[in-house]
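Undergrad: One-letter residues, chain by chain:
There are 2 protein chains.
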Amino acid sequence: MKIKSFDRAQIEELESRYRARLINSLSGYKSLNLVGTVDGENINNLAIFSSVIHIGSNPPMQAMISRPDTVARHTLDNIKEIGYYTLNQVHEGIYEEAHQASAKYDRNEDEFKKVGLTPWKLEGHNVPFVREAHIKTLMKLKEIVPININGTLMIIGEIMWCSMPEKALMEDGYIHLSETKTVVGGSLDGYYKVSPLSRLSYAKPNEKLKKTKL
Amino acid sequence: MKIKSFDRAQIEELESRYRARLINSLSGYKSLNLVGTVDGENINNLAIFSSVIHIGSNPPMQAMISRPDTVARHTLDNIKEIGYYTLNQVHEGIYEEAHQASAKYDRNEDEFKKVGLTPWKLEGHNVPFVREAHIKTLMKLKEIVPININGTLMIIGEIMWCSMPEKALMEDGYIHLSETKTVVGGSLDGYYKVSPLSRLSYAKPNEKLKKTKL
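Going down the list, the sequences are from chains P and G.
Sequential numbering from 1 applies to the first sequence in my numbering.
Sequential numbering from 1 applies to the second sequence in my numbering.
Treat the hints loosely; a few may be bogus.
Since the list gives no way to pick one copy over another, a pair counts as held whenever it fits inside one copy or between any two copies.
Unchecked claim - Below 20 Å or equal to it, Euclidean Cα-Cα: the simulated EDC-like pairs (lysine to aspartate or glutamate) are:
| hint | residue 1 | residue 2 |
| --- | --- | --- |
| 1 | Lys104 | Asp189 |
| 2 | Lys140 | Glu97 |
| 3 | Lys193 | Asp172 |
| 4 | Lys121 | Asp110 |
| 5 | Lys193 | Glu179 |
| 6 | Lys193 | Glu92 |
| 7 | Lys80 | Glu158 |
The set of hints was computed from the structure by calculation and includes no laboratory data.
Quick caveat, the model's predicted, so the values are computed rather than measured.
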């Protein structure tokens, strides 16, 4: 197999879009979530994030990276103003609408309408979920950690509520994400579907792993 | 479709492993990378991380979350001591070995040998890559950002070098991760393979997306 490599000097010399596509491929596939927010004037906002990660289950928390200079800015402003936001897993049936949410709409436009998705609200909360999403999570802002090195921000939130199709939830708490047809992202603009290999038993030194069918 | 939901009080009441599996499913699928490190006594260490994310392409940087109380501690100690580490994308051919790297080995054990993978070194660097990995990245530690809310740490590194199969690198810098059979993780112990849907054009308001075959 022929191998191609880039050292740091070669990376710096790359044309900027080429470099962005390459560097965005190096971490592997990305989780894809639509982040739903609302502002003080009741205008809904929707943005696609490929950086949501688990950071703890007790208390239950997730983090995501926001760049101050992108379309995600409306999202960031709304999260700061309202203190709540929603995460909605992107699946095979809505990935094109989700991608469209990355377009630079004006702040006063309802992005749900623009991309063709439906807002849905949980009783007692004004922040919009994506009705079409199968896995929905209500997040409460806990902290915004500045990453000084490149001016990005890590938004940390607590999980206040979540929902999923009953048939995707296994007996032991595992959510079968291929039941929900959750997709992943590649680089900046690639979309991929996912199918099960297996679940593996808790790893211990000098003990053979057991495989379970998924 | 019957829906199951959990509010915060219900989440807190869950048995701790159930809760961990559930909460770990909510962000979607996870990228999977083997992190290779070495200590001052030349003992190699290998750990699987499911939290590597892109945080910028200029300068090229990635971040990952480390818990001080897990097997990743050897990794963290080594990164602090040596200042360099490697990322090696997990693919279909090595996912069982990668999972095995999550076992709690003693510090003086060479985890490459224990799990059955081969260390490989780049000229001028002592930090080990996984020879069997198709996509390899050399990282230089830039900053460790403490996440005070739950005691985790965000390790931020700069990309100093990367390599991939020539046939997986497209003309525009996009790496075709299904060519490299890169896998994703679900919850704590699920492994999934990935296949292409499509690439979508840059999204603009009021303009139809163009699909490209992947």
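Undergrad: All the hints need checking, so say for each whether the structure fits it.
TA: Do the hints match the structure? See the list:
Taking identical chains as interchangeable, the C-alpha atoms of Lys104 and Asp189 lie at most 20 Å apart only when both belong to the same chain, with a minimum of 16 Å there against 38 Å between chains. In this assembly of identical chains, Lys140 and Glu97 lie within 20 Å of each other by CA distance neither inside one copy nor across copies; the values are 25 Å within and 37 Å between. When the C-alpha separation of Lys193 and Asp172 is checked against a cutoff of 20 Å, the pair qualifies neither within a copy, at 24 Å, nor between copies, at 22 Å. Proximity of Lys121 to Asp110 under the C-alpha cut-off of 20 Å is restricted to the intra-copy arrangement: shortest distance 15 Å within a copy versus 52 Å between copies.
Proximity of Lys193 and Glu179 under a CA criterion of 20 Å is satisfied in both settings, with 11 Å inside one chain copy and 14 Å between copies. Taking the closest pair of Cα atoms, Lys193 and Glu92 come within 20 Å of each other both inside a single copy (7 Å) and across two copies (15 Å). Taking CA atoms no more than 20 Å apart as the test, Lys80 paired with Glu158 passes inside one copy only; the shortest distance there is 14 Å, against 29 Å between copies.
Consistency with the previously given hints fails for numbers 2 and 3, ordered from lowest to highest.
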